[in-house]
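Read in order, the letters of the sequence shown are residues 481 to 579 in my numbering.
One should not assume that every hint holds.
Unchecked claim - Derived pair list, reagent style SDA-like, types lysine to any residue, alpha-carbon separation capped at 20 Å:
| no. | residue 1 | residue 2 |
| --- | --- | --- |
| 1 | LYS483 | CYS495 |
| 2 | LYS483 | VAL493 |
| 3 | LYS483 | ALA494 |
To be verified - Label pairs and their in silico Cβ distance ranges:
| no. | residue 1 | residue 2 | range |
| --- | --- | --- | --- |
| 4 | GLN547 | CYS491 | 55 to 63 Å |
| 5 | ILE551 | HIS572 | 23 to 31 Å |
| 6 | ALA498 | GLN550 | 52 to 60 Å |
| 7 | VAL482 | GLN502 | 26 to 34 Å |
| 8 | GLN502 | GLN547 | 51 to 59 Å |
| 9 | HIS572 | GLU548 | 32 to 40 Å |
| 10 | THR505 | MET481 | 55 to 63 Å |
| 11 | GLY546 | ALA498 | 49 to 57 Å |
| 12 | THR485 | THR505 | 34 to 42 Å |
| 13 | LEU501 | MET481 | 29 to 37 Å |
In case anyone wonders, no lab produced these hints; they're calculated from the structure. These numbers come from a predicted model, not from an experiment. All C-beta atoms in this analysis are idealised placements derived from N, C-alpha and C, irrespective of residue type, glycine included.
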Amino acid sequence: MVKRTLMMGICLVACMVAMGLQSTTAEASPPGQPANWGRFYHYPYVYYPQNFQQPQTYDHMYYKYGQERQIPVYNKDWHNFYPSKRPYHWGHHFILDVF
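Given the sequences, and given the hints that come with them, work out the whole structure.
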């Protein structure tokens, strides 16, 4: 019983010393730099948390994607200027203008 109380006392003193050694000053982030923008200088460039959007891919032909992920069916009555004939879009110098 004495041994156990002595060990608890030593642990309590060690915890008090460890808490006393920690600095208690709180520092705010510098104005105009609310976040670490240096993370955008390397490959991922952006940060999304793991629960941002769950990947939904199906390897089977009979599974259907959700309504927001389906490719709409092409309707010829809709206006689409890419397949229309326009003489001023001929030539190779207009290829990069599409992008």
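Quick rundown of the hints versus the structure:
| no. | hint | in the structure |
| --- | --- | --- |
| 1 | LYS483 <-> CYS495 | holds (18 Å) |
| 2 | LYS483 <-> VAL493 | holds (15 Å) |
| 3 | LYS483 <-> ALA494 | holds (17 Å) |
| 4 | GLN547 <-> CYS491: 55 to 63 Å | holds (59 Å) |
| 5 | ILE551 <-> HIS572: 23 to 31 Å | holds (29 Å) |
| 6 | ALA498 <-> GLN550: 52 to 60 Å | holds (58 Å) |
| 7 | VAL482 <-> GLN502: 26 to 34 Å | holds (31 Å) |
| 8 | GLN502 <-> GLN547: 51 to 59 Å | holds (53 Å) |
| 9 | HIS572 <-> GLU548: 32 to 40 Å | holds (37 Å) |
| 10 | THR505 <-> MET481: 55 to 63 Å | violated (42 Å) |
| 11 | GLY546 <-> ALA498: 49 to 57 Å | holds (52 Å) |
| 12 | THR485 <-> THR505: 34 to 42 Å | holds (36 Å) |
| 13 | LEU501 <-> MET481: 29 to 37 Å | holds (31 Å) |
The structure fails to meet hint 10 from the earlier list, while all remaining hints are met.
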